[in-house]
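Participant: Required output: the full structure, derived from the provided sequences and hints.
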Amino acid sequence: MLLTIAWRNIWRNRRRSMIVLISVIVGVAAMMFTDGLSVGMIHQMLDNRIGSHTSHIQIHAKGFNDNRVIGKNIEKTRIVEHAIEQTPDIRHWSRRVVTYGLLSSALSSSGGLIIGVEPEREPNITSIRESIVEGEYLSGAPHEVVIGRKLAEKLQVGIGGKVVGMASALSGDVGSDLFRVVGIYETVSSEFDKTHMFTTLDNAQSMLELDDRVLEYAIIVDDINRVEEAAAQLRRNLSADYEVLSYIDLLPLLVAQMEMYDEMMYIVYIIIGLAMIFGIVNTMLMSVFERIREFGVLMAIGMKNAYVFRMVMIEAFILGVIGTAVGLGLGALFILATGSVGIDLSMFAESLTAFGAGAIIYPKLTMTTVVNVVIIIPLTALVGALYPAVKATRLQPVTAIRYV
Amino acid sequence: MEVIRLEQIEKIYSDNGVPVHALRGIDLRISQGEFTVIAGPSGSGKTTLLNVMGALDTPTEGTVFLENEDISEKSRAEISAFRLEKLGFVFQAFNLIPVLTAMENIEFAMMLLGIEEKHRRDRAREIMSELGIEELAGKRPNEMSGGQQQRVAVARAIVNNPSIILADEPTANLDSDTGANLLDLMEKMNRDHNLTFIFSSHDRQVIDRAHRLIRLTDGRIESDEQVKQ
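Those sequence lines, one after another, are chains B and F. Mind the numbering: the first sequence is residues 273 to 676 in my numbering, read in order. Mind the numbering: the second sequence is residues 62 to 290 in my numbering, read in order.
Any given hint could turn out to be false.
[Said to hold, decoys possible] Some residues of chain F that are not near chain B, with every Cβ distance over 10 Å (derived): (1) Glu63; (2) Pro102; (3) Gly104; (4) Thr124; (5) Phe126; (6) Arg186; (7) Glu191; (8) Glu204; (9) Asn234; (10) Ser237; (11) Asn242; (12) Asn251; (13) Asp253; (14) His263; (15) Ser284.
[Said to hold, decoys possible] Once the Cα atoms are required to be at most 20 Å apart in a straight line, the calculated PhoX-like pairs of lysine-lysine come out as: (16) B:Lys576 <-> F:Lys135; (17) B:Lys576 <-> F:Lys147; (18) B:Lys576 <-> B:Lys663; (19) F:Lys249 <-> F:Lys289; (20) B:Lys466 <-> B:Lys426; (21) F:Lys135 <-> F:Lys147.
No lab work stands behind these hints, which were simulated from the structure alone. Don't be surprised by glycine CBs; every beta carbon is placed ideally from N, CA and C.
Facilitator: Have a look at this one:
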């Protein structure tokens with residue numbers, strides 16, 4: 273019966289209830305959309321980093337990640353490959369040579385990462401082949417190089433243009449080679465495009481005098497949620513001479529950024545929640561003041577304070593639940609509608625590509641968002657109703673009955 | 062059996078800082094089944110006395126015994142429970158809950174006692190039938206006349222079988238015919254169920270119905286007489 277009374281009381285002043293409901297709905301939908309957009313952007317940044325180079329897991333010789341020198345190479349490749357083959361959940365793997373070097377054209381030069389990859393295996397790991405906007409991906413022929421659009425602009429070369437790559441060879445001498453640009457790629461990260469150049473593994477090994485040695489194994493697992501398990505298994509399968517790093521180890525800044533975004537979202541929740549609390553306090557307080565006489569009568573006939581308190585709280589809770597349900601529906605609908613086509617933020621393209629997120633953001637609905645909203649908003653409504661409810665219980669029936 | 066005993070009740074209000082002596086040295090005993098009217102001019106302390114008897118207001122001095130229990134020793138929750146079980150209130154302005162129908166208003170008092178829905182419904186129907194207001198069951202207060210609302214208020218007051226009904230100017234907002242009908246009904250309840258009725262009123266027709274008439278002037282009992290048996 274308290275529910276019935278609460279429900280009918282809400283609709284006694286339709287306009288006021290609708291205003292507070294709309295504010296809750298808009299707040300919830302905005303909260304969901306902001307969260308969805310942030311989650312989508314962060315996931316895109318992560319996916320882009322994983323898909324352009326990082327992969328899920330990398331294996332190096334011990335210490336390579338902290339000190340990327342060519343001396344820290346993997347000589348006994350067979351041991352590593354055997355360990356990989358013994359590890360479940362691994363879908364693809366590829367060998368790489370990765371080193372800092374200089375690429376020069378006749379007109380300009382630029383430093384960056386020279387990466388030797390296996391042309392037939394690497395496309396299973398990264399999306400560089402799909403990112404080719406001019407020319408072709410590496411065919412496996414000698415002296416081929418694929419460079420990013422930004423680097424091509426800097427070096428002022430096009431398809432077929434010649435560039436010289438130079439880097440420290442294993443012997444300590446400067447290793448160099450003449451390459452011909454066969455493809456120009458463009459990813460969502462302008463910074464990546466400026467600094468990463470790809471050639472064949474054989475070419476890189478030959479230029480750096482590595483013979484069959486490699487510097488890196490890049491691995492993709494079946495399920496990103498099982499990366500840590502696969503990495504742990506690889507560590508067990510390999511000796512301490514090797515380091516096995518997951519993308520979480522390899523992208524600490526991005527992971528920290530993701531955590532920071534999560535924390536920021538809680539701040540957004542708090543800000544929206546506070547705004548809603550004031551709305552609810554105001555509405556419920558007005559509702560209590562309008563019904564002082566009624567509360568007086570209820571108390572006079574024997575309604576205990578606990579019931580009075582519960583009655584006000586139930587009304588606020590109903591408002592919170594309706595607002596959450598509708599807001600959640602609207603927010604989810606908006607995220608689902610834009611999730612597949614994305615939201616074009618071209619006007620911020622420069623900063624977004626610098627961050628590696630891409631100009632089109634695909635909002636993502638996560639269970640965490642839904643759970644947060646479902647718990648936080650009705651709770652917020654209850655918190656907002658506390659003061660009015662306590663105020664109602666403080667009424668003295670004898671004065672409340674006479675209240676005009 | 063004595064249901065109310067007031068001993069040396071004093072009530073002093075503060076009206077914008079000015080003390081107002083509303084009740085002065087009231088000694089009063091009310092027995093089960095009385096039909097008592099407290100009469101007096103405006104400001105004589107009728108409503109204050111009724112509020113003190115109904116444990117809605119606390120005296121500045123003196124002791125209130127309801128069914129031989131000193132209510133000053135009870136907590137707010139215990140007083141609420143006492144009012145719920147032992148007292149029924151009928152107000153001048155009816156004071157039904159506007160969002161509930163007549164039936165639900167009557168049921169509400171039973172819900173507070175924790176009575177289950179089916180029994181509440183049955184009892185509410187029984188009371189409505191006894192008061193002749195069955196046709197009002199589904200109506201909300203704004204769909205009823207003053208007289209109808211006051212009958213529903215009476216039903217709400219008696220539904221939990223209280224021992225005392227306190228009625229503050231119950232006919233003040235009713236025309237004389239409706240008021241007379243309401244008083245007939247209350248007299249019948251008093252007769253049939255030995256319910257104790259205590260009215261505060263300066264309405265002639267209420268005073269004429271009194272079995273016991275207490276006249277107040279300036280917060281003092283001026284006279285207290287048994288006018289009918």
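Participant: Failing hints, ascending?
Facilitator: When the structure is compared with the hints, none of them turns out to be violated.
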